[in-house]
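Protein sequence lines, in the order shown, are assigned to chains A and B.
Residue 298, in this note's numbering, is where the first sequence stops; the numbers in between run on with no holes.
Residue 298, in this note's numbering, is where the second sequence stops; the numbers in between run on with no holes.
Hints may be right or wrong, so weigh each one.
Okay, derived cross-link-like pairs now, SDA-like style, lysine to any residue, Cα gap no bigger than 25 Å in a straight line [as the list claims (entries may be wrong)]: (1) B:Lys76 / A:Lys240; (2) B:Lys154 / B:Thr281; (3) B:Lys240 / A:Ser229; (4) A:Lys240 / B:Val246.
Chain A stretches covered by chain B per the calculated footprint, using a threshold of three residues with CB under 8 Å from any CB of chain B [to be verified]: (5) 47 to 53; (6) 68 to 74; (7) 102 to 108; (8) 257 to 266.
In case anyone wonders, no lab produced these hints; they're calculated from the structure.
Where a beta carbon is used, it is the ideal one built from N, C-alpha and C, also for glycine.
Protein chains: 2
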Amino acid sequence: MIHNYQLDLNYIASRLEGLEETIITKIIDRAQFCVNETIYQIGKSGFAGEDQRCLFDLRMHYHEQMDAAFGRFIVPEERPFTRNLPEPRRQVTIPESGLQIDDFEVVNFAGPIRTDYMKLVKEICRPGDDAQYGSSVEHDVYAIQAISRRIHYGAFYVAECKYLGNPEAFDPLIDARNTTGIIDLITRKEVEENIISRVRQKTAEMQKNVNTDVRNVVNPDLLVQFYRDTVIPLTKQGEVAYLFNRIRTGDNSSSRRDDYEYSFKW
Amino acid sequence: MIHNYQLDLNYIASRLEGLEETIITKIIDRAQFCVNETIYQIGKSGFAGEDQRCLFDLRMHYHEQMDAAFGRFIVPEERPFTRNLPEPRRQVTIPESGLQIDDFEVVNFAGPIRTDYMKLVKEICRPGDDAQYGSSVEHDVYAIQAISRRIHYGAFYVAECKYLGNPEAFDPLIDARNTTGIIDLITRKEVEENIISRVRQKTAEMQKNVNTDVRNVVNPDLLVQFYRDTVIPLTKQGEVAYLFNRIRTGDNSSSRRDDYEYSFKW
């Protein structure tokens, strides 16, 4: 096996940890605006000729069209939320990932991320409408992309790394499509508790001395709950999806060939 | 005179203060990637058919094309960095600004903001190249837009507000094109020192407990220096530009008519 730093568990854990501040600050930035329900309602985007998508989905799609041109979705952990995206206009060379999968889109969890993010917005933002629709959807996109990157990065790299450390345990569970068995094997309760306690502490400290007359403060419990109920479980579901579709080298009856039932086309 | 909350100095100061966290966190996010000099070099964008613009300028332009479609530049303090932008595709209604100017673009400081931001990047980021070009230019755009919003917001609203509080003092200085006199009149040293000390404290506190193995820490002095040498002086130059081009009601020989020499076409 070729040594690849991208499959070193310490490296992966440090990347996941480094993304926490980015996620937290982007969620806090979104929380400076009201919920602004209108931006999530179809038919109210105010866009000429657009009555099928809400303003948030339109912003997401425009943003991803730009991102696609810049080559974002060539990167495994950057999975798009929208369809019909253009080919990259830019030559992008990324380091060899070491991942054993030929279609990253079978591990696309954009659907459930969007659903849970919508609930989060209602909890972190003040209710009501401040007419800041443009800024709200802009920050929605920044926040949800940061969350998505973290979940998909974990799904791909943690799964591959853990698999490589113990293929004999994983192979029979994969062959038997034993989701629960795989979830048990990849779960490290103490690691999860560490993450959650870091998120709580970071969210509190970043906002400790803000002037509450000018900034809306996000309750750290809400971020903790989001990590506990969404980020961590979806990462693990993503790991299962990756493993079910993983190409087993040296095994021509590769497990993934005829198996896209766990590919989450939301 | 109609009372407009947007021209209340306390309201303006609180908006400026509330933008500080956003600016600081976006700069810190950019600093998680290396300088990546290549992204600022013309001819190295890797974009098909694009040899006249660097990757950063291309990203900026794509982003602003999207923003323009969403109506961003209808807002006074949102001044674009690039040209040839499309008309808004969205109907945007913004609150009456109370500003006495008919072309916001005469107060566009994008040029010097870009120049100073380029210097800042070299100071806050680790030197060298980590191949994260896409993420670097993405976070460049987020950071520079947040900085620009703050400078232009101050330029427009602080100037109008101060003018309304003391038109007798401003009118002769405006008529005489007395830049120094206006700068003296709008400068409040103690307010500036307050801002600077807040920025230092916020930057330090936000990063107090980060794991320096996984996050690059930005020295608060660099943010302080950027506020002192760029944000505050450019805001004041913007106030002068606004006042030189302000339409004086009831005065048909309005000061701005023939005077675009202070409109900073960078």
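Structure-based check of each hint:
no., hint, in the structure
1, B:Lys76 / A:Lys240, "43 Å, violated"
2, B:Lys154 / B:Thr281, "46 Å, violated"
3, B:Lys240 / A:Ser229, "16 Å, holds"
4, A:Lys240 / B:Val246, "22 Å, holds"
5, 47 to 53, "holds (count 4)"
6, 68 to 74, "violated (count 0)"
7, 102 to 108, "holds (count 4)"
8, 257 to 266, "violated (count 0)"
In the structure shown, a violation is registered for the earlier hints numbered 1, 2, 6 and 8, in ascending order.
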